[in-house]
Amino acid sequence: MIARRSFQLLLGGSLAVTLAFLVLPVVAIFTHTAPHKLIESLGNPVATDALRLSFETTTIAVAIIVAVGTPAAYMLASRSFPGRSIVITLVELPLVLPPAVAGIALLAALGPEGILGGALRDAHIELVLQTAGVIAALIFVSAPFYIRQAQASFEAVDHSLLDAARTLGSGEAASIARVAVPVALPGLSAGLALAWGRALGEFGATLMFAGSFRGITQTVPLAIYDQFATDFPAALALSAILVAVSAGLLLAVKLVPGQATAGGAPR
Amino acid sequence: MVLRAELVHSVGGIELDVTFEVAAGRCLALAGPSGAGKSTILRLLAGILCPDHGRITYGDDIWVDTASSAWLPPERRRCGYVFQDYALFPHLCAWRNVAYGLRSRSARDRKATALALLDRLGLADRADAKPATLSGGERQRVALARALAPGPAVLLLDEPLSALDARTRAGATRQLTATLRSLELPVVLVTHEFGEAALLGDEIGIIDHGAIVQRGSASELASTPTSAFVADFTGAVVLTGTAHADIGELTIVDLDGGGVACTTDRGSGRVALSVYPWEITITSAQATPDESAQNRLSVQITSVTTVGNRVRLGLSAGQPLVAEVTSKAVEDLDLVVGAQVLATWKATATRLVTL
Chain A
1 MIARRSFQLL
11 LGGSLAVTLA
21 FLVLPVVAIF
31 THTAPHKLIE
41 SLGNPVATDA
51 LRLSFETTTI
61 AVAIIVAVGT
71 PAAYMLASRS
81 FPGRSIVITL
91 VELPLVLPPA
101 VAGIALLAAL
111 GPEGILGGAL
121 RDAHIELVLQ
131 TAGVIAALIF
141 VSAPFYIRQA
151 QASFEAVDHS
161 LLDAARTLGS
171 GEAASIARVA
181 VPVALPGLSA
191 GLALAWGRAL
201 GEFGATLMFA
211 GSFRGITQTV
221 PLAIYDQFAT
231 DFPAALALSA
241 ILVAVSAGLL
251 LAVKLVPGQA
261 TAGGAPR
Chain B
1 MVLRAELVHS
11 VGGIELDVTF
21 EVAAGRCLAL
31 AGPSGAGKST
41 ILRLLAGILC
51 PDHGRITYGD
61 DIWVDTASSA
71 WLPPERRRCG
81 YVFQDYALFP
91 HLCAWRNVAY
101 GLRSRSARDR
111 KATALALLDR
121 LGLADRADAK
131 PATLSGGERQ
141 RVALARALAP
151 GPAVLLLDEP
161 LSALDARTRA
171 GATRQLTATL
181 RSLELPVVLV
191 THEFGEAALL
201 GDEIGIIDHG
211 AIVQRGSASE
221 LASTPTSAFV
231 ADFTGAVVLT
241 GTAHADIGEL
251 TIVDLDGGGV
261 ACTTDRGSGR
271 VALSVYPWEI
281 TITSAQATPD
291 ESAQNRLSVQ
301 ITSVTTVGNR
311 VRLGLSAGQP
321 LVAEVTSKAV
331 EDLDLVVGAQ
341 VLATWKATAT
351 RLVTL
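Chain order of the listed sequences is A and B. First residue of the first sequence? That's 1 in our numbering, and the numbers climb one at a time after it. First residue of the second sequence? That's 1 in our numbering, and the numbers climb one at a time after it.
These are calculated hints, taken from the structure and not from any lab test. Hints are supplied without guarantee of correctness; some may be wrong.
Here are the simulated SDA-like pairs of lysine to any residue, each with C-alpha atoms no more than 20 Å apart in a straight line [claimed, not checked]:
#1 K130/B x L162/A
#2 K111/B x L148/B
#3 K346/B x L255/B
#4 K130/B x K37/A
#5 K111/B x A127/B
#6 K130/B x R178/A
#7 K37/A x V26/A
#8 K111/B x R126/B
#9 K111/B x L121/B
#10 K130/B x L185/A
#11 K346/B x L250/B
#12 K346/B x E331/B
#13 K130/B x L161/A
#14 K111/B x R178/A
#15 K328/B x V311/B
#16 K346/B x I247/B
#17 K328/B x L342/B
#18 K111/B x G136/B
Since the structure is predicted, the reported quantities are computational estimates derived from the model, not experimental observations.
Construct the complete structure from the given sequences, taking the supplied hints into account.
Okay, here's the thing in structure tokens:
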């Protein structure tokens, strides 16, 4: 009896320590400085520029990821072709790359001296130290989050639903648009939220590939880094906003209805 | 319009090789055990699969012909398909499921058509329900309505009653039978239950290992099976009638076509009685009846078929009936076609299903 109670205490104690350690820093962001000071700091042009830029670049990056990644994920989920598992592994690779490696890799591929550097120059596309470079970095690091989740969601869609749509007069593309996508939607939304969350927090690859220029490439995480030595309250205020938005995205993932059934784990 | 199919297809270790044709207003029931290739036949007809070799035509239209590489995709075949698990779109409510195939109509017309169909199948009050909240029987009817809504050329049914519990099944069977009777199009149904095939099909094809091993009416297949497999598969014989009274522990049933039978099961109104051929004893018409066997029908032998070490007797008693006896009994009692004999079986061996 006593042994059992002390075991319960051990479990409870571990959870309490874990929670305190994980939550305390987040709480500190909101309590360290008075709320009105935080709000004042948001008037700082560095903060407003960073917020605007982060909103624009992540929105564009996620839109491109959804537009290109959705059909790609459907292909991975519905077709078997030689080398499919290798392709899946390659798509997932950026998930485990250290951010600094991602930045170097992007420079080596898309930088002026990179593999595609000449081709991009001929097409008059500049990425390095440009807003477009931020978007490229965001796509590189966050696309796998969406594609993985989308693939699993499409695999979980019962194929007889698509067969039914075909016999009812829909062509293949129409069956996907009218049946597969709506049925997989909870999972697709969850993947979108995860990718967006990852893009918002992106730091290392952006810094190395696009630099940190106010209004051009300085997103919120870069601005926080830039500000924390000179204007700590401003850095805190930006951090508070990122925490709120990230928590909102996490909550959205958890609350999407039908997530457990239609989103599903990869089969 | 006639649907004709010659299909050779290899799938999952089964070599499918079947040829059949179904005229408008007729229902061909393909019955066989699980894994015999039945669902594959429907998928080939609908165009979800392409046969290795073969040809499917509907009237003068060629749906597939591997010899000339002709191919009509599923969306242009106009096959109404009721899937085994119904495959209702989970994100759409009942009427939107039914309206799915009506893309070419106006929005108002689509809804009106869908609602009218649901109403005909007794589902008017469930039109706005999502599939997850529908009962098994309701899902089956929504699936049927969805398949019929676009006015299909052919109707395909995959185990339409199997997913239903026993209580729902009788009503669903009656409604499906009535719906199929009213359709002027070829219907192909697959099932693993001979009883379902006998109730719904005008003609039955027994499928085993990818081939149609015998085809005919339910009573032909039961009375003159060409193989032990068909004899076993056909199982119980079904007699329809009207239950009119209870006498003590027995329900008395007036059989359609004459005669009376009784059962220890309870029921009233229109009923079907089922009895296994090996439960029926044949005695000469003059024999003194055994008192424990409470059902007695005077019958005429219409066929004598040897199946392995047993003999199947096709019997006519107003409705076709089948008995299975030993070859010794055939010799001893001189059982030949045309002979008038007495068929007896126990009330306790008679199952009753309310129709």
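Here is what the structure says about each hint:
Among the hinted pairs, K130/B with L162/A is consistent with the structure: their alpha-carbon atoms are about 18 Å apart, no more than 20 Å. This hinted pair checks out: K111/B and L148/B have alpha carbons roughly 14 Å apart, not beyond 20 Å. In summary, the hint linking K346/B to L255/B is supported, as the alpha carbons are separated by about 16 Å, within the 20 Å threshold. Distance check on the hinted pair: K130/B and K37/A sit about 51 Å apart at the alpha-carbon level, beyond 20 Å; violated.
Taken as a hint, the K111/B and A127/B pair is honoured in the structure, with Cα atoms around 10 Å apart against an allowance of 20 Å. Between K130/B and R178/A, the direct Cα distance comes to roughly 16 Å. Compliance with the 20 Å bound is thereby established for this hinted pair. Of the supplied pair hints, the one linking K37/A and V26/A holds, its CA atoms being roughly 17 Å apart against a limit of 20 Å. Proximity of K111/B to R126/B is assessed by CA-CA distance (about 14 Å); at most 20 Å being required, the pair is judged to hold.
A hinted pair counts as satisfied when its Cα atoms are at most 20 Å apart, and K111/B with L121/B qualifies at roughly 15 Å. Between K130/B and L185/A the CA atoms are separated by roughly 16 Å; this keeps the pair inside 20 Å, and the hint holds. For the given pair, K346/B sits about 11 Å from L250/B by alpha-carbon distance, which is consistent with the 20 Å threshold. This hinted pair does not check out: K346/B and E331/B have alpha carbons roughly 24 Å apart, beyond 20 Å.
Simply put, K130/B and L161/A have alpha-carbon atoms about 15 Å apart, close enough for the 20 Å limit, and the pair holds. Distance hint between K111/B and R178/A is fulfilled; the C-alpha atoms sit about 17 Å from each other, no more than 20 Å. For the given pair, K328/B sits about 9 Å from V311/B by alpha-carbon distance, which is consistent with the 20 Å threshold. Annotation: proposed proximity of K346/B to I247/B holds, straight-line Cα distance about 15 Å (limit 20 Å).
With a C-alpha separation of about 17 Å, the suggested pair K328/B and L342/B falls inside the 20 Å cut-off, and the hint holds. With a CA separation close to 23 Å, the supplied pair K111/B and G136/B exceeds the 20 Å bound.
When the structure is compared with the earlier hints, violations turn up for hints 4, 12, 18 and for no others.
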